[in-house]
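> Single-letter residue listing:
Number of protein chains: 2
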Amino acid sequence: MKPIRVGLIGLGTVGQGVIKVLRENAEEITRRVGRPVVVTHASARDLSRERGVDLTGVQLTTDSMSIARDADVDVVAELIGGHSPAAELILAAIGRGKSVVTANKALIAQDGNRIFDAARKAGVAVAFEAAVAGGIPIIKAIREGLAGNRIESVAGIINGTCNYILTQMTEKGEDFAEALAAAQKLGYAEADPTFDIEGVDAAHKLTILASIAFGIPLSFEAVATEGITRVTSQDIANARQLGYRIKLLGIAKRSEGGVELRVQPTFIPEDKLLAKVDGVLNSVLVKGNAVGQVGFYGRGAGSEATASSVVADIVDIARALTGESRYTVPALAFQPDAVKPLPLVPAADTESANYLSLRVADEPGVLSKITAILAAHDISVEAIIQREPHGGEDAKVALITSVVSEQRLATAMAEMQTLPFVREGIARFRVEKFD
Amino acid sequence: MKPIRVGLIGLGTVGQGVIKVLRENAEEITRRVGRPVVVTHASARDLSRERGVDLTGVQLTTDSMSIARDADVDVVAELIGGHSPAAELILAAIGRGKSVVTANKALIAQDGNRIFDAARKAGVAVAFEAAVAGGIPIIKAIREGLAGNRIESVAGIINGTCNYILTQMTEKGEDFAEALAAAQKLGYAEADPTFDIEGVDAAHKLTILASIAFGIPLSFEAVATEGITRVTSQDIANARQLGYRIKLLGIAKRSEGGVELRVQPTFIPEDKLLAKVDGVLNSVLVKGNAVGQVGFYGRGAGSEATASSVVADIVDIARALTGESRYTVPALAFQPDAVKPLPLVPAADTESANYLSLRVADEPGVLSKITAILAAHDISVEAIIQREPHGGEDAKVALITSVVSEQRLATAMAEMQTLPFVREGIARFRVEKFD
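Quick note, the sequences are listed as chains A and B, same order. Letter by letter, the first sequence follows residues 1 to 435 of UniProt numbering. Letter by letter, the second sequence follows residues 1 to 435 of UniProt numbering.
Mixed in with the good hints, there may be bad ones.
[Stated by the list, open to error] Facing chain B, a subset of chain A residues (Cβ under 8 angstroms, in silico):
{"#": "1", "residue": "R23"}
{"#": "2", "residue": "L60"}
{"#": "3", "residue": "E144"}
{"#": "4", "residue": "Q293"}
{"#": "5", "residue": "Y297"}
[Claimed, not checked] Each computed DSSO-like pair below joins lysine-lysine, with the alpha-carbon atoms no more than 27 angstroms apart:
{"#": "6", "chain 1": "B", "residue 1": "K272", "chain 2": "B", "residue 2": "K433"}
{"#": "7", "chain 1": "B", "residue 1": "K20", "chain 2": "B", "residue 2": "K276"}
{"#": "8", "chain 1": "B", "residue 1": "K396", "chain 2": "A", "residue 2": "K172"}
{"#": "9", "chain 1": "B", "residue 1": "K20", "chain 2": "A", "residue 2": "K276"}
{"#": "10", "chain 1": "B", "residue 1": "K20", "chain 2": "A", "residue 2": "K433"}
{"#": "11", "chain 1": "A", "residue 1": "K340", "chain 2": "A", "residue 2": "K396"}
{"#": "12", "chain 1": "A", "residue 1": "K340", "chain 2": "B", "residue 2": "K272"}
{"#": "13", "chain 1": "A", "residue 1": "K172", "chain 2": "B", "residue 2": "K433"}
{"#": "14", "chain 1": "B", "residue 1": "K396", "chain 2": "A", "residue 2": "K433"}
{"#": "15", "chain 1": "B", "residue 1": "K287", "chain 2": "A", "residue 2": "K20"}
In case anyone wonders, no lab produced these hints; they're calculated from the structure. The C-beta atom is built at its ideal place from N, Cα and C for all residues, glycine as well.
Turn these sequences into a full structure, and let the hints guide you.
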């Protein structure tokens, strides 16, 4: 089947990520959509620049408008950011009947109403999942997944730079300036960090979240915005002592009198999951009147995480362009003729770290014999507890092993079980570390 | 515009929730879809039973098949569970050209391939968001929101009963039998809890997650399933001491040799967010090659949380039946003509708890004068820290207030600022508790 042809405007971090993701996952994406999705055109201001991605087969130009207008492009991805010429390019693409995907939160927050109106009249889509919270599919979750609810509030850690800085201040006791410098060094903050640390970026994202949550027009000017520059290390220390963490939150809340839209450093009780989202991660908590609280977390920025959302939007559009019935998302995510079995890994070959718990007679040398068996099978012990017996009871040993195949562990456990001082029934559970 | 007419098969907990949610949120849902969505028909085995929901205007019957076949029903929601007659009813509705929404994980996991095939041939949808993780829109997230990724693994706490029991064992030191009895008393476990505690329910859900993540056929028999009955309070105590929590996880993992599908009690490092999802909450962690790890948490069961997902599926279908272009989800979630401004709550009227931090001269009576001002404005102090000065420095006071309007707090802060021993510049941040 004919591929869906994507025209990329912008070959920066996100644009390169989109090319990489579409190429690396070409097989999966074709199976999901029903036909290939290929970047055929791309534009950048400076084509001579070295980029970290192979551009073979991509028609390059410095003329972005030519991509927006090209009859050989099915979907346009606008990834240059800023207001102008992004707005003109998107409107031109819409005018040619093309759907558009964008990661441009500033543009959507400030000029989305006009763009969506044009798209609706043209019968095309303008999709912007990547504009909020990077790789977390939060737009789709609110717009579709929670569409049965009256949304009461949305609260989010939606600026990774600020979250990184506040986390550094909390964990290392650094002051704001030190933490900012560290963030800049790691590329988590721009040379001019104003938009991030003053809360403007978060306010753009909150504007979008509030609109889709409450059905209100995009109203960036209505957000009361405060950044994190006023947070001192004293505040951070006080927060900890009082049982709180400080996060820059975007909050959109409904109350009797209307809505509140705020971006502010906020104290959150330390036992809430939102308080535990650290570093450059983003997280959004949505409260709906039916579902209660639903939380989402993941990478809020970065080349491939953002590309994940851009490509998801492209897949949505590609499915809509491809589907035969009005229901264009396959029930099992992949097109029925592309669903195919994968071999089951034989149980003996699966690998994991493990917890073992043994009851043993209280004799000298017990521990060394157990660990010798593990060592003989090349299994190391990551942690161990030995509990002394009370009044004639058995002693108890619990340990965590290194990652090992089921087969090898089973052999070692069988050997342990033959030791005369090990009681019947070694308990064993798997350990998953999620690193 | 003509309403979308929903026929409910089953008036149990979830069915009642669906009626309640569609009714309570009728205005929001109409604004999202573009026309009303109304339950017009419902069936139950015993119509004389008292139900916690008003059934006025709903045509009731004991004959479920009549609903599946009724030409006056646009969408059928199958909420009776079990294999038969659910499968026959769904196939009958599909045969009449109706889309179907179901929460029936057992049926989808064991017979979904056949049902989806029939739906595809008929050009209708069978949607099942409510079948996995209750109100968390995880099916949509994987199937659409993360569609740009090659999914590497899915791991989830997808049985609230087991998570409640393990949480009780961890927090209260109860043994399995005690915790199960407590869960039964609270309605979190059935009188016959076998399906939950033996991991079968989780295995049904994992089957569905694995299929949409990897594009493999639904293969329930391939899941290696173990429940939580073997977990002892000794294991729980050992886990804590070793820095872990025990959770019943459903894990679907890709490796070189193929896929692993397991439901097992699993040790998770206590600092991972997944380890902190307690009680009846569900949580799913998805790892994609572009996005990295993305996490979701929320209520995995209960009348209205499950209804949230059923209604979201109905909204999807209703949008597809209503939309004029092939892009049927409005950009801003609500239909353009239904987007309407809400008043901004004036800043002075917004309410929150607050953190205040003051520098004060080291004099007797300081604390009592500060707290007297707060008390005079009916603001109570929830927590306070006073730091003694070192060598001529000021003393420092930090406190958390009760929830109070901005107006009232501002007045109190202004009064404090006039106290001669309070230095210029009281720091203040809001506190959000997310209860």
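> Give a verdict on every hint.
Quick rundown of the hints versus the structure:
{"no.": "1", "hint": "R23", "in the structure": "violated (11 angstroms)"}
{"no.": "2", "hint": "L60", "in the structure": "violated (23 angstroms)"}
{"no.": "3", "hint": "E144", "in the structure": "holds (6 angstroms)"}
{"no.": "4", "hint": "Q293", "in the structure": "holds (6 angstroms)"}
{"no.": "5", "hint": "Y297", "in the structure": "holds (5 angstroms)"}
{"no.": "6", "hint": "B:K272 x B:K433", "in the structure": "holds (21 angstroms)"}
{"no.": "7", "hint": "B:K20 x B:K276", "in the structure": "violated (31 angstroms)"}
{"no.": "8", "hint": "B:K396 x A:K172", "in the structure": "holds (22 angstroms)"}
{"no.": "9", "hint": "B:K20 x A:K276", "in the structure": "violated (34 angstroms)"}
{"no.": "10", "hint": "B:K20 x A:K433", "in the structure": "violated (41 angstroms)"}
{"no.": "11", "hint": "A:K340 x A:K396", "in the structure": "violated (47 angstroms)"}
{"no.": "12", "hint": "A:K340 x B:K272", "in the structure": "violated (33 angstroms)"}
{"no.": "13", "hint": "A:K172 x B:K433", "in the structure": "holds (25 angstroms)"}
{"no.": "14", "hint": "B:K396 x A:K433", "in the structure": "violated (42 angstroms)"}
{"no.": "15", "hint": "B:K287 x A:K20", "in the structure": "holds (17 angstroms)"}
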